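Q: Chain V is fixed; fit chain H onto it per the hints.
Chains V and H, in that order, give the protein sequences. Mapping of the first sequence onto the numbering used here: position 403 corresponds to residue 403, and the numbering continues sequentially without gaps. Mapping of the second sequence onto the numbering used here: position 64 corresponds to residue 64, and the numbering continues sequentially without gaps.
Hints listed in this document are in silico derivations from the structure and should not be mistaken for laboratory results. None of these values were measured; they are calculated from a predicted model. In this text, a Cβ means the ideal position worked out from N, Cα and C, and glycines have one as well. Check the hints yourself; a few may be wrong.
Which residues of chain V face chain H? A partial, calculated answer using Cβ under 10 Å [said to hold, decoys possible]:
{"#": "1", "residue": "TYR124"}
{"#": "2", "residue": "SER179"}
{"#": "3", "residue": "ILE233"}
{"#": "4", "residue": "VAL245"}
{"#": "5", "residue": "TRP367"}
Residues per chain are reported as follows:
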Amino acid sequence: MKYKSQKVAYWFFALSMLLFVLQLVYGFIMGFAHAGFDGLHEFIPFNTAKAVHLNLLVVWLLSGFMGAAYYIIPEEAQHELVSVKLAYIQLITLALVGVAAIIGFHFNIWEGRKFLEIPRGLDYLVVVNVLTFLGIILVTLYKGKRRTTTALVLSMGLLFAGLLYLPGMLPFDSQVMDSFFRWWVVHLWVEGVWELIMGGILSFLLIKLTGVDREVIEKWLYVIVGLTFLSGILGTGHHYYYIGVNKIWLIVGGIFSALEPLAFLAMALFAVNMYRKGEKKHPNKIALFWTLGSAIVSFVGAGLLGFAHTLPQTNLYTHGTLVTAMHGHLAFWGAYAMIVLAIISYALPNLTGRKLYNGSRGRAAFWMSNIGMVGMTVAFGVAGVAQVYLERIMKMDFMEVQKMTEIHFYVLLICATLFVTGITLYVIDFVKYGQPTDEALETNNN
Amino acid sequence: MLSKKQARAFFLGGTLVTFLIFIGLTVYSLGEAQDQTNYENITEQVVRGKNLWDSNNCMGCHTLLGEGGYYAPELTKVIERRGEGYIKAVLMSPIPWEPNGRKMVAYGFSPEEATDLIAFFDWIGKIDLNGFETIVSPLAKDNN
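Just chain V, same shape as in the assembly (with noise of 0.2 Å):
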């Protein structure tokens, strides 16, 4: 018996590979500023460029989450989404906010701090967006037949989600306290409160697709949601070193943040786990892909390479260079943007009763992203070593040095070339699929 309400989440998901794609138009055109091609400086400079694509991908992440609890919430909790009216108005408002936001950046309206570059008046709408989405997955999960720990893991990260965004919120004139609390909201997100959804997603997932018992997983994903926040929590400190506070962030942060890659790891080793215990073999594999590829990636580009420049003395030279970017996208990706497109590829057949998971398209969409992705991230990363050495060993001048490095930029737009490419053929398949229909729900058993 599936749930009609859940329809409302492929709208979500549209919206999500809409964004998604705008959001790669950006960041060519900041990897073309960084060769030295700044063409189209006039019209969109680089810091209109980075504030869409840091806040694209935000809102492309969130709606996936958001498309994602409309899925998974009614299965689980076995109910009908309370109001699915309210649903389509709070997908409608979140869209007009996002699109409203980006517009505003290209005129000069934003508050210029990282990752929260939405206007004080558009964060207020915000939170009443957030309220809404919390108050229908919350109220369908209290009047729901059952109320699982993959739901709960889920709606509680997705409530923390929002509650965090309040600090960033907060006024300050220290530059200092905007950047510890502007931390709350980024750090406590991505390296706490997001793997709580992630963590939801993957378990859902990893129930339907190995087939494996609900009371194993879930008793896994407790444990590692416990290691995130136990490691996450106060490895907050590794953005506190050199900002201007205490130096009792040096050591709390290097401990708790140096065990950050044991969660990534531990999700990592349950999902490739569950998976070879599972006996059921789900048609679907793209979906398998894609799920097991974000807890491997995640454990790369989360794990490894944050631990890369996360001790106090490695990051004392790495902090404000390129490296952070190397880490940064290959972290996003694993974590975040593959366990929204592994979630979007295994509802999409049940959504629309059509099943192109059997085609080669995905596979190579699965493949030539990852590689590309890859690709960028090395050339990151070569190009952010090579900053640490020339600027801040042998003292050479900042631009000077970004000359020196314009290459790898060639390097990384051919790789994000064939990162596009597979985004496209994933972008092909979704719109193959075309709509949600009551009888494709009725009829699915997955």
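A: Below, chain H alone, put in the same frame as chain V:
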């Protein structure tokens, strides 16, 4: 073998304990006695400079305290490095400043606004950054 109940206790307990420690450390490190920023020197001019920094998203290209866009130079201690005259010229320039071919948006700030931003950079430049101030390029040239 670990039960689901124990796993849940590990999650909830671990989260609560680390969160409380985090709050405690936050209160401690932001206390007046631990101030490394010369908080008392934040004048209205510094705040106006910060507002200009934020409202023009300077962080979208530059870095400050090592945070920002990685596209334009780090501006911590920029006054010591470049001098006020140079910075004022950049900020007030009606055409894009273009060192080594990389363009900056031509903000064309008024003399007052440029002075506000300089006051902000001056305050930033005096913060104790736990050693980062001696590393951050190309300032490090002057410290070795």
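Q: Hint by hint, say whether it matches the structure.
A: Structure-based check of all given hints:
no. : hint   : result
1   : TYR124 : violated (18 Å)
2   : SER179 : holds (6 Å)
3   : ILE233 : holds (4 Å)
4   : VAL245 : holds (5 Å)
5   : TRP367 : violated (29 Å)
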